[in-house]
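J.: From first to last, the protein sequence lines are chains A, B and C. Note that the first sequence ends on residue 361 in this note's numbering; no numbers are left out. Note that the second sequence ends on residue 1974 in this note's numbering; no numbers are left out. Note that the third sequence ends on residue 962 in this note's numbering; no numbers are left out.
Since the hints were derived computationally from the structure, they do not count as laboratory data. Positions of the beta carbon are idealized from the N, C-alpha and C atoms, including for glycine. Please note: incorrect hints may appear among the correct ones.
As a list, the in silico EDC-like pairs of lysine to aspartate or glutamate whose alpha-carbon atoms are at most 20 Å apart [said to hold, decoys possible]:
{"id": "1", "chain 1": "C", "residue 1": "K924", "chain 2": "A", "residue 2": "D110"}
{"id": "2", "chain 1": "B", "residue 1": "K1869", "chain 2": "C", "residue 2": "E902"}
{"id": "3", "chain 1": "C", "residue 1": "K924", "chain 2": "A", "residue 2": "E107"}
{"id": "4", "chain 1": "B", "residue 1": "K1528", "chain 2": "B", "residue 2": "E1611"}
{"id": "5", "chain 1": "C", "residue 1": "K812", "chain 2": "B", "residue 2": "D1345"}
{"id": "6", "chain 1": "B", "residue 1": "K1527", "chain 2": "B", "residue 2": "D1608"}
If you want the ones that stay clear, here's a sample from chain C, every Cβ over 10 Å from chain A, calculated [as the list claims (entries may be wrong)]:
{"id": "7", "residue": "E825"}
{"id": "8", "residue": "T871"}
{"id": "9", "residue": "G890"}
{"id": "10", "residue": "D891"}
{"id": "11", "residue": "R956"}
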Amino acid sequence: MRPISYSRATAVADAVATVVADPTSDFLAGGTTEVDLLRQNVLLPRRLVDINDLPLTQIEDRPDGGLYIGALARMSEVADAAGVQERFPMVAQALVLGASAQLRHMASMGGNMMQRVRCGYFRDATSPCNKRDPGSGCSALEGFNRGHAVLGVSEHCIATHPSDVAVPLMALDARVHTEGPHGRQVYPIDDFFLLPGETPHLEHPLEHGELVVGIEVPGLPMARTSMYMKVRDRESYEFALASVAAAVTVEDGAISDVRLALGGVATKPWRARRAEEMLHGAPADTESFRRAAREELAAARTTPLNAFKAELAQRTMVRVLETLTHPERQS
Amino acid sequence: MTATTLAIGQPTDRVDGRHKVTGGAHYSADVLLVGMTYAVMVGARVPSGRITHIDTDEAMQAGGVLAVLTHENLPGAAAQPPLIPSLAGMPAPGQTFFPLQDEVVHYTGQPVALVVADSLERAQHAAALIRVSYQEMPAVTTLDQGRDDAYEPEAIFAGFVPGRTERGDVEAGLAEADVLVDATYSFAANNHNPIEPSATTAAWDGDQLTLYDATQGVTATQLTVAALLGLTPSKVRVISHYVGGSFGCKAMIWAHPALAALAARHVGRPVKLSLTREQMFTSVGHREEQEQRVTLGADKKGRLLALRHHKLSPTSHFDDWAEPSLGVASQIYACPNYEGVYRLIRANTMTPTFMRAPGEASGMFALESTMDDLAHELGIDPIELRLRNYTDTDPTTGNPWSSTGLRVCYERGAERFGWHRRDPEPRSHRDGNWLIGYGMATAGYPVYGPNNPQRARARLYSDGTAVVQAATPDFGTGVATVMTQVAADALGLPFERCRFEGGDTTLPTIAAAVGSSGAGMISAAVHTAATNLRDQLIAQATADSQSPLHGADPGTVTVRDGRMMLRDAPETGESYGDLLHRNFLPDVEAAGSWSPSAESTRYGMTTFGAQFAEVAVDPDLGLARVRRMVGAFAPGRVLNPKTARSQLMGGMLWGLGQALLEANYMDPRRGRWVASSLGDYLVPVNADAPEVDIELIDVEDAFVNPLGVKGVGEVGQVGAAAAIANAIHHATGRRIRKLPITIEDLL
Amino acid sequence: MSAPHIPSKAAAAAVLPERGPDPVKITLSVNGTERTLEVEPRVSLLDALRERLDMTGAKKGCDQGTCGACTVWVDGRRVLSCLTLAIACEEHEVTTIEGLAEGDELHAMQSAFIEQDAFQCGYCTPGQIMSAVALLKEGHASDDAEIREWMSGNICRCAAYPHIRAAVRTVRDQT
């Protein structure tokens, strides 16, 4: 880890101004990404601005049935919040299935939105990696890429977005609030995460010094029976190989509304819009679920090692939709 | 004289438990010495080539840096000892290559520089500032790359295991068989990953070197470092009271203890050298990637007529090393015709090494999976098939087993598990989305003995307390606890009045506790020393005119609670303390030395067991989850059932990791391991571990060692992965012939 | 970008003073005792405890947030001290395994770990115990499934997991 200096902020404006003024500075929240990648020599800031004392820890129920989550609310606090558990169980489930209890106490919601990929070639600080060292090439394309993305990939990067909670937030059309050199901004969550395209080093539309201050989740009554399912090799303490966040409403045997997002298989938290479109109005049966899942993954670009993830993602979607629509059939 | 066993066999809590639960147990990196400095190794970034330039300027100028050592300025090694397993008690380098001697790079991660600074952070940062330029050369790092260039070595395992073993006529046996099963199995490489990374703290006092080292054998560290540095062993003291797990990666002595010593001499201050987690993948050996082919021929009743077992695996450029996967698999069943062949590939890796159940875990996976196929094909119950091939003698020698218990293990394991509920038809048990399978396998692990005498010392103080000493460290086996129990019974003292000291080369020499041999050989030494001390005290009492025992035949004297007395007239006697006080003796001491008896070579010595697993498979999502495991083992005398069960349970759960999670692969394009953290190399977490039920089967063994201890460290893993794979076959009808078995195999 | 622009007062703010990168004097409250030390801001809480304060109960297993051996409490919450900067712990209360027992009286969880043989090598044990005690406070130990999941951030390579669960159950059922 390179030498760093340290500042502690107590006001958002000071934190932003300090980072804006110094291109070699980073915000420090929970530290679970920042300190880890500093020690790996992947992140090389000269100065850290500790934002943990900023008043951004609220978890508020909104009158429209939605939520406003402060960026410094910890994952564990959000997972435990009654409003989250009742109104957005898939958010609570995604949080509890992420990382470990210790990491969930540390990691902030804003930091979760900003976490970096787990690609080994990105983390090793030496392999060619377009995300870490633009233009150097992607070592994962022909390397060991079992865990890498099959959706939203480019020839420059196939690293999987690692967040769990961003997946239900994507399904919920959450909005990310920031404070930056140009004041407050609100981003629809789909715009907050960028596809790698030709610029995998750009993961968010943020300017240097722009700080995530909160996440707004609009009310969605059907989310009360939503669920998040995560499939991985190990039972716990592992990133997803495939995950699905879903909420669905069935009327007279047909799907009248559905929200569906995927994790673990794409370069950003993935809203399954194609599948949603196919499911609208379709009978709530296995055949519809399979067709929709197949349609969503039709665009998958796989390698010999990760081809199974396209299949796994489909099956996980089907399982989640069946569980939500026919809970009596599940064990 | 018959030994009374009061402490032995009790489920005594660990004597070091309080230290371990309070943070008071000090491991090698917990040492904080005055003037401490910190060393960080820099590993090669390429698998093969030459260093053309090392730029150390920026590192040298970084704050707090005391030295940068490379092949250009590090003193040469005095001598490279040969690779001999540490149980032999000799210098025991993990590979016959010592780094930082020249500019040649043989494997990724090979140390190319060592930075010493006044703080860990400064040393780590300076290490990142070292720029190494390489002339890269073509490398072979995977089995597939080297398959066509494989060779059959004369011997593996440092010469202890022949490259080829035959008995009978395997071709004739196969030709005669009614049923043939021929299958090839592939195994990912594995890394030990104890939670304590290897670490050495080195300090010189004049020409006297003290090393605090995480090792399975302090003597092994001492002799290896002494040889490499050209020191006489008496000038090297190694201290290792607590070791945070090893599983084989601290069984041999790798480069870092000697590097720490050299660095400390160079800077003239104590040096702490801790490997990083990433370096644990490239510095302490690994279980090699491998492929095994098993061909079984049997008659209609399932009796084996021939077994051919071939293994192919990469080794380093220095050593012909393969874990002996064919060993126990060639002994466990009666089979007249056998052929076992190891083939090796020279690769740009370090020399592979022991990893828990080294060879047994992989070889028995292959054999026991194939046996399950045979059972299925013949429609014979898997346990019945194994009983039909049960052998009372070691098929490799014809010698009788020193003890077995295997039949009882099958019987008791099956009963505890509820094997009779198993419908043999695959896919016949269901629980919602889950298919349920039952599987079993045989376990076996050799009883290894040391090559040279094992020593211990026992001292009794006049207050009636005793201390027993032997140079072994504790790496989780519970050695201090069980040796206290052994000493208490041999001395005739209550457990609470005995204490064990180990982990220091100033104490009597014990070989590295490897190959599940620790409990057997250390208990033999401790028992011998303590018995000698007791006999010495009894002899002194019977010769002492002031003793109530004066004139008695020492053979008629027994000791209980520290009181020597006539067995037939217990009222006649006196305490050890009385004898010592009267004779102005503050303490009395005796040594003990033990070597395996010549008689033991006339027996096959193996620890047997039977493994059972219930696995749930979600065939849609490719998930396999182990619901419960049952093991029955016959490890001879169990010194402490509490710690023994823990070791067996740990071994069985290692089998779970081997079956479903643990894998490392080489990225052949870059010649590097793809997993370099515990986030990539998955070991079981709490949520993966089911309840584990263990039955200890009582067998007496009069030949292995004085107390009949056969060892529990590794047999728990043997067969566990096969039981799981066999359960997966039973659940799904699918036979998976690779480890680990992961989601893509089951979709 | 379609995000709406909302005026803010960021421009009026001050650039904060910085401490470091050379060693700075910090004060930590560890197990109720104030400890002053000179460390570079990059020093982790784990290394500060182990290498500066000679409190080696918290162990370094990975230094990457992947094993849990370094688990301590900050303000009563279990966290990983390897990914926590020491300087960021000023004004917060740090509790380590050394602060768990009351003098010679072991914490019930420590006693339960011994009784249940919930460890072998003992290296992960301080982290396991700090995690297990916090788990009970968090209220996520109602059944074995919960204990398994909520203790999964502490890897035990000796695989004492079933015994660790037994120890947690024992203490849970005492209180």
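J.: Taking the hints in turn, state whether each one holds.
T.: Hints versus structure:
{"no.": "1", "hint": "K924/C x D110/A", "verdict": "holds, 13 Å"}
{"no.": "2", "hint": "K1869/B x E902/C", "verdict": "holds, 10 Å"}
{"no.": "3", "hint": "K924/C x E107/A", "verdict": "holds, 14 Å"}
{"no.": "4", "hint": "K1528/B x E1611/B", "verdict": "holds, 10 Å"}
{"no.": "5", "hint": "K812/C x D1345/B", "verdict": "holds, 18 Å"}
{"no.": "6", "hint": "K1527/B x D1608/B", "verdict": "holds, 13 Å"}
{"no.": "7", "hint": "E825", "verdict": "holds, 14 Å"}
{"no.": "8", "hint": "T871", "verdict": "violated, 6 Å"}
{"no.": "9", "hint": "G890", "verdict": "holds, 27 Å"}
{"no.": "10", "hint": "D891", "verdict": "holds, 29 Å"}
{"no.": "11", "hint": "R956", "verdict": "holds, 17 Å"}
Of the numbered hints stated above, the single one contradicted by the structure is hint 8.
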